[in-house]
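Work out the full structure: start from the sequences and follow the hints.
Residue numbers (our numbering), protein chains in the order written: chain A, 1227 to 1648; chain B, 1227 to 1648.
These are computed hints drawn from the structure, not numbers from a lab.
It cannot be assumed that every hint is accurate.
It does not matter which identical chain is used: a pair holds within one copy or between any two.
Here are the simulated EDC-like pairs of lysine to aspartate or glutamate, each with C-alpha atoms no more than 16 Å apart in a straight line [stated by the list, open to error]:
hint	residue 1	residue 2
1	Lys1634	Glu1538
2	Lys1316	Glu1549
3	Lys1648	Glu1405
4	Lys1623	Glu1432
5	Lys1604	Asp1377
6	Lys1433	Glu1610
7	Lys1259	Asp1451
8	Lys1229	Asp1341
9	Lys1633	Glu1318
10	Lys1623	Glu1610
11	Lys1308	Glu1405
12	Lys1458	Glu1253
13	Lys1308	Asp1341
There are 2 protein chains.
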Amino acid sequence: MAKKNAFYAQSGGVTAVINASACGVIEAARQNKKHIGKLYAGRNGIIGALREELIDTSKETPKTIAALRHTPSGAFGSCRYKLKSLEDNKAEYERLIEVFKAHNIGYFFYNGGGDSADTCLKISQLSETMGYPLQAIHVPKTVDNDLPFTDNSPGFGSVAKYVAVSTKEAALDVESMCETSTKVFILEVMGRHAGWIAAAGGLAAEKEGDAPHIILFPEVAFNKDKFLKRVKSTVKKHGFCVIVASEGAQYKDGRFLADAGNTDAFGHKQLGGVAPTLANMIKDELGYKYHWALADYLQRAARHIASATDVEQAYAVGKAAVEMAIEGKNAVMPAIIRGKGKKYSWSIKEAPLDQIANVEKMMPRDYISKDGFGISEKGRAYLEPLIQGEDYPPYGKSGLPQFAQLKKVMVEKKIKKSFVIK
Amino acid sequence: MAKKNAFYAQSGGVTAVINASACGVIEAARQNKKHIGKLYAGRNGIIGALREELIDTSKETPKTIAALRHTPSGAFGSCRYKLKSLEDNKAEYERLIEVFKAHNIGYFFYNGGGDSADTCLKISQLSETMGYPLQAIHVPKTVDNDLPFTDNSPGFGSVAKYVAVSTKEAALDVESMCETSTKVFILEVMGRHAGWIAAAGGLAAEKEGDAPHIILFPEVAFNKDKFLKRVKSTVKKHGFCVIVASEGAQYKDGRFLADAGNTDAFGHKQLGGVAPTLANMIKDELGYKYHWALADYLQRAARHIASATDVEQAYAVGKAAVEMAIEGKNAVMPAIIRGKGKKYSWSIKEAPLDQIANVEKMMPRDYISKDGFGISEKGRAYLEPLIQGEDYPPYGKSGLPQFAQLKKVMVEKKIKKSFVIK
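Put into structure tokens, the structure is as follows:
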């Protein structure tokens, strides 16, 4: 059998370390030229395959590829695009096969979260249903940490580190001025469905009484009275109160706090979500001076304070994906498995994609403290190893981190017909 | 003359490096025991002097004091409290003299911004008007960079680095997904009166066309049509648009964008300010998908990405303040003077406090590009040296930075009468 080329694409929300996985995939492919021909990356993810917009990674120098390891965001472009089922949009699958055939692609590496695992699974099935030999391997990535089977998802550890460090720093700021200034500080973090990122804020509390004093999880129904009582008692006790709130914090009936009530003079829903909603409550009911921050993309792009553990794991799953492909695997994902010992250790194991796709891993209730406002010791024991170590990018004369600059040489198109994304 | 003790206080909004100045003051005082007795720090700033709440810094180990250099926020507590004039509140000044006398304090080191320089000046005048010998030295600090005479203010360089790095990282994130997701990203930064911090975002653009594409300064009147046109043309050209907006961005008539119009269903002013206001405009008029971030305290507390130049300067002004005191100076401030050469250099020079107090240094118009949406080459040449170098704090087993833990041993009170702060 002639040597096949490979296709790699980034999918969904990008992270501080998804390019480290790309680096792992590309470097491993280069080390296995006996088995894998060229590695093409989809421009803007799977859309690049559909449009036959393929970036020839072989045109990039080893130095540039190595620099991907410390470059945040999706270097080849990513997209939010979920393939429909084979029945609902056969044309899309036929197009993919057409493009893969034209470029002799036999390996499909898809770097994404739960939705992308589903896409990857569908593509792995093309091999059978459409008679085209293709091995599809999913490379895990999501800041939300909600992929099943794997102990954690690459991308999460770095957001966790950013949120924990930022919470610790901002809490010191508030503490030092609470006598005459701000008494309540709210940091709103990502996590629409699962509270993993908010939980990471809890790591900032290294000893009893440390900030954050309150964490709001999507997993624990918000109770306004209980919340305000806790804010008040915390300010009385410590002089200030630091709150980390998940954007997914919600009432018992499932309404998000972010959507609850506030509209502006023009009838718009008030933007910004949970933090300003909580701030309003606190102002109205308790009258404390407050400040709030919304980290938004800063948190998932913060390569400057990435977790070294996360970077290492992101690279390792990329590399492992290529090795699994060479071993002939299909419809699998390299998962991170935590060792049993007291000291944190991890290894990589193959996970079947049909057990990953479309399954959301929520935070176990026993990772949350009994009162619902913090993390438990069990939660801390799970989270802490994931933010270990710093992996600083190099800085240039400009005083700024120097990230990979790809040439992105496009592969010549072989198919005349263009394909329109709907 | 018997050896006098010294008093040090932190004032106003804290920064990532004000404790580096404290470290400079304390270490220099310890090296000059021949001239300076004990160094007392005011608990929560000048309020600590009024309340006779003095922290005995001699009880802290050299290691703890050294750790202040990498600890953000105000380790001794800070406050926003401006002394009235001698005529308006003589009791306050009499109380200060009473406390200083009781503790044999002859040196007053005040670490703050413009308002604090004014307080420091007033206190320096006590020496003459109230017949109590006291040398008052101001130690410059402000993230706003608006102190006159000094080339820059310690605290600013680190916020500048945080904003430049965050802008660069978030811009990569947006760029990589703009095809199918967010097209406009807005980062709101501090700077109610001067656009220095927003300008620092401009450093992220290392080459033509790089993000940020638009900076909104308080110094340039906001023009909605011109702004929206620029957003639209930027998205057309680059596929996305990154905006750094100063919280002080304002219309020609002086109305802040943050205050303009939006109130929620309960008649509250919409919280959050400039970023959501701009986001609303963009949504309504252009329909682009947007995201926005509000860094708030995270930016001024971000010791994890402090500028090494800033840390060094913050320490140096603290040390110089003590040296000036020993030389018998009064009513002065150690200012940072930029060297004339092409290569950045700096030294410290004494500046008279009466030329500092209550003067706000705005950003020169020629630091801003002609179209008002970016920084000029002159602006870049000024800003870039200030974010040079990284000065990472040590990290512990928890994966978090390890900051100074002060014992804060209080000095025994000598005055029976307590003083109530109004």
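Any hints from earlier that this structure breaks? Give me their numbers in increasing order, please. Hints 1, 2, 7, 8, 9, 12 contradicted; others consistent.
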